[in-house]
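Visitor: Sequence:
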Amino acid sequence: MLKLRHPLSLLVICLLIMAGVLRSFTPPKPVGADVPDVVFSAIRADAILRDLLQENRAHPAGSEMNARVRNRIADHFEMAGYDVEIQSRFQCNPRFGSCSPVENIVAVKPGSDGKHAVLLTAHYDSVWTGPGAADDGAGVAAILEIARMAADYPPYTNDVMFLITDSEENGLIGARAFADHHPAFSRVRAVINLEARGVTGPSVLFETGMGNRSVVRVFSKSVERPVANSLVYEFYKRMPNDTDYSVYKGEGVMGLNFAFAQGVAVYHSVLDDPDHLDLGSLQHHGDNAWAMLNALGDRDLGNIKSREDAGYIDLFAGTLIHYPVSITGGLALFLGVWVMIAISAAFRKEFRYRQLRWGLVAIPFLLLAVPLAGYLLSWPLGHWADMSPLEHPHPWPGRVTLMLAAGLVGYVALKLFSGRVSPCAWMILAWLLLFVFAIVLTRKLPTASHIALVPLAAFALGSVIDLFRRKSPAPLLFSSMAGFAAASYIAWYHFFLLGAVMNFDRSGVIIVPLMLMLLLAMPMLLAFVSRRELDWWPAKWLGVALLAGWAVHYFIPAFTAERPRDMTLMYREVAGEARGHLVVESLHGTPDRVYARKHLFETRVLNSSRLGTVERPAREVEPLGLPGVGWTQSDPSAEVDGWRRSIVIELPEATPLLQLAVDNDAGLLTARVNGELALDTRAGPKRGGRARVLRIIHPGSGSVEIELLTDRPGGFTVSAMTWHELPGVLIAPFLGNWPGDAQPLKYGPRAEHIQEIEIR
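Residue 175 in the numbering used here sits at position 182 of the sequence shown; the count goes up by one each step and never skips.
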């Protein structure tokens, strides 16, 4: 009753849908500079970006280079006719235990009403190593181009605030300053935030505020090329990641958070420059922000929040399927019952309950064998290879290997169970399983219900057409094909999605979505082979192809000059130790072992600067004699909420960073820096490690006043670390044959001085 003319039809459907799904993971083409101002142009925005980053150098918050970038941003706003305000202050974010000087840039296009405001925002500071063209220069350039476009528009109903924040990389400090101290923030009802976690890929709506039903509906109607999946939002909520929007969301403001996240190996590196930025990603950023600004500018923002959330997923980046979570339970029940009735009606004459026995063995076999195959492949594809845990520069051989593994498992299941499991038994059990899965999702993760609801809905709609084909020898074939096609879309979408956020050492997870395709294809395949004797040779050839795919993947370099490993030379000196150490640092993955051995770097146990130890490739060198901090402290005073200690830290000249690590045994409750609340251990997230860490970026010269509140009177240890310039003469002998596929990441070359302070 499900007989196919040929199983290749399923393969064709599968591959066509895969090709379509890839559109959701591809940015649009950049639009030229000659288009009218009503259309965003990445070429015009790129010219702005290159003007901002003329020196093509890193510009962390508080640096002289960051001041130059700030002035250029202000100039662009002024050239567009805006009055520019610089919000300057010393600010801390107690959630992260970080402080820095902040210079936010604010420009406003007044609205005709002005009661509420839309905030369009990005940050302009970079990490310590690279120019930050993608993170977040692309967002800044897009906003400056949009501000220029909007300048000559008639006023919107709502104010439009353009906010370019400072010191995001150090803990969302600029956003915290704006939310806490700028009077205009009280009028903000909607935020459009532009971010990046790579240098290419589509601009994805990866986060919204709570009660997002209304804003998701606006997004679906306004954006030409929507790329969004509420499951991504669910993942993000469970990750230890934050953006500036985290601050505004914490204050109850609705928002849309956009980012592109491919090419993550270049993220936070020296190569995050304009030449490595995908202008298609910049185009998509600008398109999304411009469309949402126009949609929200005249909207009544008083009711932008809904009482419930929405689930959503884009369809080939052309339209957005979205639904209120309140209907998911009833919809799952309705569709599931419909599907089961349709199957029962079609198979009522030939079905026997005893047919289910082998099905209860076959389906668990398939569901266990697919992730097991992926897990086993995670070793040759991931663990054995010297590669970044973030991404592979050439992922397709590995992807194809996983596809072949899923196909091999599917063929083995077909060979083992054909003649034992009837097509109707497999169909009943497979769709019943999907029905149960849908019910579980609606209860536990309703915003991800589309994973099961989309195939169920496709099958149900297909069954309506099958009603008019009752005399067909395959009356459920159209339903099954429709359900399989929908399942293929869900499977491919999440296969590529997981591959974008993890590398092949997690192959056992990446391969899981492909189970859905196999599960729903199997009844049709069983019907096709019901009177055929299957051979093992296809499985053998699939195995050979799998081995070939692995070999290609294994021998393709996992690091290239364009997608480098992160590797930095830095110096560490601990007060009281006779020798210093030159260290090869890698924040993700491992450094180049050949390089480390050639230059006699051996794995050593070093002071971690957080009252613990770490193992790093290092070699002893003569100490540089770096200056440390001086300090004076007062006796602890007993107060109602604990014991308070005041410490004055005397800073070495021109240090860009002071880090204080307080032993967890101290019972630290809060820390203040120059009177600002800088750390609140009772409110912030619990973090691992032996110490609570306080970081002050560009603290200036002279001294810093630290006030510590603890829940106990006893003394404790504080580790003080300062950064200094790394002398070129120290590292010059090690740079002559520096690997061409290695670049510094995030913090970059530096000299660290560490000393311990005993607090009484």
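One or more hints might be untrue.
[What the hints assert, rightly or not] Simulated pairs of lysine-lysine, DSS-like, Cα-Cα distance not exceeding 30 Å:
(1) 533 to 408
(2) 533 to 214
(3) 437 to 408
(4) 230 to 214
(5) 408 to 214
(6) 591 to 242
(7) 408 to 230
(8) 298 to 242
(9) 591 to 230
(10) 533 to 437
(11) 437 to 591
(12) 298 to 108
(13) 22 to 298
(14) 242 to 437
(15) 230 to 242
(16) 298 to 437
(17) 22 to 108
(18) 108 to 214
[To be verified] Using C-beta positions, here's what the derived DEER-type ranges look like:
(19) 593 to 658: 46 to 54 Å
(20) 227 to 643: 43 to 51 Å
(21) 244 to 350: 57 to 65 Å
Hints were generated in silico from the structure; no laboratory data involved.
The beta carbon of each residue, even a glycine, is placed where N, CA and C say it ideally should be.
Visitor: Would you mind marking each hint as holding or not holding in the structure?
Guide: Hint check:
1. Pair hint residue 533 plus residue 408 holds up; C-alpha atoms about 12 Å apart against a cutoff of 30 Å.
2. Of the supplied pair hints, the one linking residue 533 and residue 214 is violated, its CA atoms being roughly 50 Å apart against a limit of 30 Å.
3. At roughly 36 Å between alpha-carbon atoms, residue 437 and residue 408 are farther apart than 30 Å, so this suggested pair is violated.
4. Simply put, residue 230 and residue 214 have alpha-carbon atoms about 25 Å apart, close enough for the 30 Å limit, and the pair holds.
5. For the given pair, residue 408 sits about 48 Å from residue 214 by alpha-carbon distance, which is inconsistent with the 30 Å threshold.
6. The hinted pair formed by residue 591 and residue 242 fails the criterion: a straight-line CA distance of about 50 Å is larger than 30 Å.
7. Distance hint between residue 408 and residue 230 is unfulfilled; the C-alpha atoms sit about 42 Å from each other, more than 30 Å.
8. At roughly 12 Å between alpha-carbon atoms, residue 298 and residue 242 fall within 30 Å of each other, so this suggested pair holds.
9. As the CA atoms of residue 591 and residue 230 are separated by approximately 44 Å, the hinted pair breaks the 30 Å bound.
10. At most 30 Å may separate the alpha-carbon atoms for a hinted pair to count; residue 533 and residue 437 exceed this at roughly 41 Å.
11. With a C-alpha separation of about 53 Å, the suggested pairing of residue 437 with residue 591 is violated against the 30 Å cut-off.
12. At roughly 16 Å between alpha-carbon atoms, residue 298 and residue 108 fall within 30 Å of each other, so this suggested pair holds.
13. For the given pair, residue 22 sits about 33 Å from residue 298 by alpha-carbon distance, which is inconsistent with the 30 Å threshold.
14. Between residue 242 and residue 437 the CA atoms are separated by roughly 23 Å; this keeps the pair inside 30 Å, and the hint holds.
15. Between residue 230 and residue 242 the alpha-carbon distance is near 12 Å, which keeps this suggested pair within the 30 Å criterion.
16. With a CA separation close to 23 Å, the supplied pair residue 298 and residue 437 stays within the 30 Å bound.
17. Proximity of residue 22 to residue 108 is assessed by CA-CA distance (about 38 Å); at most 30 Å being required, the pair is judged violated.
18. As the CA atoms of residue 108 and residue 214 are separated by approximately 25 Å, the hinted pair is consistent with the 30 Å bound.
19. In this structure, residue 593 and residue 658 break the distance hint of 46 to 54 Å, their C-beta atoms being roughly 38 Å apart.
20. For residue 227 paired with residue 643, a C-beta distance near 48 Å keeps the hint of 43 to 51 Å intact.
21. For the pair residue 244 and residue 350, the supplied restraint of 57 to 65 Å holds, since their beta-carbon distance comes to about 58 Å.
The structure is inconsistent with the numbered hints 2, 3, 5, 6, 7, 9, 10, 11, 13, 17, 19, although it conforms to all the rest.
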